[in-house]
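*Asks:* What follows is the residue order along each chain.
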Amino acid sequence: MSSAQIEIQLIASIVAIACAIPGTFLVLRKMALISDAISHSILPGLVLGFFITHDLNSPLLIITAALSGVVTVVLVEFIQKTQLVKEDTAIGLVFPVLFSIGVIMIAKNANDVHLDTDAILLGELAFAPFDRFLLNGSDLGPKSLWIIGTILLITISLLFAFFKELKISTFDAGLATALGFSPVVIHYGLMSVASITVVGSFDAVGAILVVALMIAPAATAYLLTDNLKKMLGLSVVFGVFAAIAGYWLAHWLDASISGSMTTILGIVFLIVYLFAPKRGLISVLYRNRQQQIEVSLLTFLLHLNNHQEISERHINHLNEHINWRRVKSKSVLDLATKNNMIVIDKSIISLTEKGKDFTDKAIDYIITNDHSKIESIKEDFFLFRG
Amino acid sequence: MESQKIAIAVDDLTVAYNYKPVLWDIDLAIPEGVLMAIVGPNGAGKSTLIKSILGIIEPIAGSVSIYGKPYDKQRKLVGYVPQKGSVDWDFPTTALDVVMMGTYGKLGWIKRPGKSERKTALESLEKVGMLSFKDRQINQLSGGQQQRVFLARALAQDADIYFMDEPFQGVDATTEITIINILKELRKAGKTVVVVHHDLQTVPEYFDWVTFLNVKKIATGPVKEIFNDDNLTKTYGINYKVSVQK
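Order-wise, the sequence lines are chains A and B.
Position 285 of the first sequence, counting from 1, maps to 310 under our numbering, and the rest follow consecutively.
Position 98 of the second sequence, counting from 1, maps to 112 under our numbering, and the rest follow consecutively.
Among these hints, one or two may not hold up.
Below, simulated DSBU-like cross-link-like pairs (lysine-lysine); rule was C-alpha separation at most 30 angstroms, straight line [claimed, not checked]:
| id | chain 1 | residue 1 | chain 2 | residue 2 |
| --- | --- | --- | --- | --- |
| 1 | B | K125 | A | K55 |
| 2 | A | K255 | B | K87 |
| 3 | A | K303 | B | K230 |
| 4 | B | K34 | A | K189 |
| 5 | B | K87 | B | K198 |
| 6 | A | K189 | B | K238 |
| 7 | B | K125 | A | K189 |
| 8 | A | K189 | B | K98 |
| 9 | B | K133 | A | K254 |
Sample of chain B residues lacking proximity to chain A, with all beta carbon distances greater than 10 angstroms (derived) [said to hold, decoys possible]:
| id | residue |
| --- | --- |
| 10 | V36 |
| 11 | D39 |
| 12 | A43 |
| 13 | P45 |
| 14 | I74 |
| 15 | K83 |
| 16 | T107 |
| 17 | T108 |
| 18 | G119 |
| 19 | R126 |
| 20 | R132 |
| 21 | E140 |
| 22 | V237 |
| 23 | D243 |
Short derived list, chain A residues pointing at chain B, Cβ under 7 angstroms [said to hold, decoys possible]:
| id | residue |
| --- | --- |
| 24 | F103 |
| 25 | M256 |
| 26 | G258 |
Simulated from the structure, these hints should not be mistaken for laboratory data.
For clarity, every value in this text was computed on a predicted model and none was experimentally measured.
C-beta atoms are modelled at their ideal positions from N, C-alpha and C, and glycine is treated no differently.
Pulled out of the complex, with its shape left as it was, chain A reads as follows:
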């Protein structure tokens, strides 16, 4: 690997981490779309900063751009608060307007500058190593690495300092207010960090793909864990994985690095979406099917419990009587036999002790809705896991 290759992967990874952290909270706050809005509407701020400094690399650009990101959030909330339009409509109204103001500003005034729209939308990671940070003539590495590295450092320190405040105001804004943690301050703090991160990631991945880096890792992690810290950790892991794998995919295909990173993120999400152990599509479908069978099992056991007479308990009678097809009857019978809930003697079915106990507990639970009655059978049956 050449040093430029290493630098590109390093920048991509740091961008991914810096995006994954605020992204996790945006996803939990159901504000994923706002990152899309911010990523577009920072453009006029960027251009304005450029007009003031005439330097594309001035830190002032980051500040003016981040400010226009926060202005987006304020405008969206203002429009939404009038209750004349809904939130998604408000977002859809605000950011294209701000973005196009930026586009017009570039067209009118900055034609001679290389603020080109393609780079803004897609970024160009491959060029990042060419722009060096020179101090007293010595080369300290690519400039964008320094910019996004600083942003990441700030994000991580804020996360450590205000983790508890972020958690409580995201989970329960009412209690957070009552306890004196101003959710409004936290909200705008988070929006500022998100805006600054978007600006810092701009060079590398551009306005459209930065959204993917914020949302996709967090959305993927959400399907895999029940713990906020782990969710943050997993988001970071997925982000970095996509950054490095994406780089090599682009290398191999000779295609855009940011495009390849996003493709990898999409693929990773799809895999997790399908195969996540608890919340994945396949496991949900499997669980639904199991629950269906278990409801049938319970119906069947209740029937046995209610009818002592032999004619009601004959194996063939069940097909006609409970009105089930053969396949279903068989799978229910198999499940009951496998769990030692019934015994079949000369085609006559009877409940075992265990079957009787299970049925009693289940009835008890259904009547009283008291969970303690079914703790012992919860592990074996999806039906009772709430």
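With chain A held as given, fit chain B onto it using these hints.
*Replies:* Relative to chain A, chain B alone:
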């Protein structure tokens, strides 16, 4: 009663949503140590009253004091059980972690919860019979269990005054009994508890103080004196007969 200290005083409180008043000129003086129910029809402003006392909703007029001082000076004396439906139970966290949030108020900004906060949270979970569920993801709990987690979180606040927004809403028998027992214990410990309550039948049994509310305050005082057909009719606007009399 006259000699009793006033725990919560509400003066001329008016709250409006979009210029439509939902609470109009409310005056209340809630004595220390009472168990008070707030009753009234849907949309009467019961939750709004609690939320504006706690500073969650900004009133357009009036003031609130807790033991004679504004709420934001007295936060640490006040515990809060919000409506269960007000949060996202899919949030990635455990029962214990939610209860720990009750200790955040005393910690203040930046400081992290440590061993003693964890101990407080575990004790609170035990009081509501949820200790064995401490590591369970909150969306794996039943509605009643979630309500008990919320109650435990308020207990972890270790407050003198508690506000509870419909804690009995849709809970199972075990949870109802747990809540009642906790209420009794709080009263025994001399705490003041204000509960938004829906079930009029149980008011005389569970509470000793009551406020009738329907945008305006209809009446407030001891259950024995004011929980009668007259006030119920004034509050609910129909001829009301209390089927359970004390």
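*Asks:* Hinted pair, alpha-carbon criterion (30 angstroms max): K189 (chain A), K238 (chain B). Please report holds or violated.
*Replies:* violated, 44 angstroms
*Asks:* Report holds if the minimum CB distance from A43 (chain B) to chain A is greater than 10 angstroms, and violated otherwise.
*Replies:* holds, 21 angstroms
*Asks:* Is the claim that T108 (chain B) lies outside the interface with chain A correct, judged by CB distances over 10 angstroms?
*Replies:* violated, 7 angstroms
*Asks:* Hey, is P45 (chain B) genuinely clear of chain A, shortest beta carbon separation above 10 angstroms?
*Replies:* With a cut-off of 10 angstroms, P45 (chain B) remains clear of chain A, as the shortest Cβ separation is near 22 angstroms.
*Asks:* Taking the shortest Cβ-to-Cβ distance between V237 (chain B) and chain A, state whether it exceeds 10 angstroms.
*Replies:* holds, 27 angstroms
*Asks:* Taking C-beta pairs only, is R132 (chain B) more than 10 angstroms away from all of chain A?
*Replies:* R132 (chain B) clear of chain A: closest Cβ-Cβ about 13 angstroms, beyond 10 angstroms.
*Asks:* If I take the minimum Cβ distance from D243 (chain B) to any residue of chain A, is it greater than 10 angstroms?
*Replies:* About 33 angstroms separates D243 (chain B) from the closest Cβ of chain A, which puts it past 10 angstroms; holds.
*Asks:* Mind verifying the non-interface call on E140 (chain B)? Its CB should be farther than 10 angstroms from each CB in chain A.
*Replies:* At about 15 angstroms from chain A, E140 (chain B) clears the 10 angstroms cut-off, so the statement holds.
*Asks:* Given the hint that K189 (chain A) pairs with K98 (chain B), does the C-alpha gap stay at or below 30 angstroms?
*Replies:* holds, 21 angstroms
*Asks:* Report holds if the minimum CB distance from K83 (chain B) to chain A is greater than 10 angstroms, and violated otherwise.
*Replies:* The assertion about K83 (chain B) holds, with a minimum of 14 angstroms to chain A.
*Asks:* K87 (chain B) and K198 (chain B): Cα distance at most 30 angstroms?
*Replies:* Within the cut-off at roughly 28 angstroms; holds.
*Asks:* Regarding the hint that M256 (chain A) lies at the interface with chain B, is the smallest CB-CB distance below 7 angstroms?
*Replies:* It holds, given that the least Cβ distance between M256 (chain A) and chain B is near 5 angstroms, below 7 angstroms.
Comparing the model with each numbered hint stated earlier shows that hints 2, 3, 4, 6, 16, 17, 18, 19, 24, 26 do not hold.
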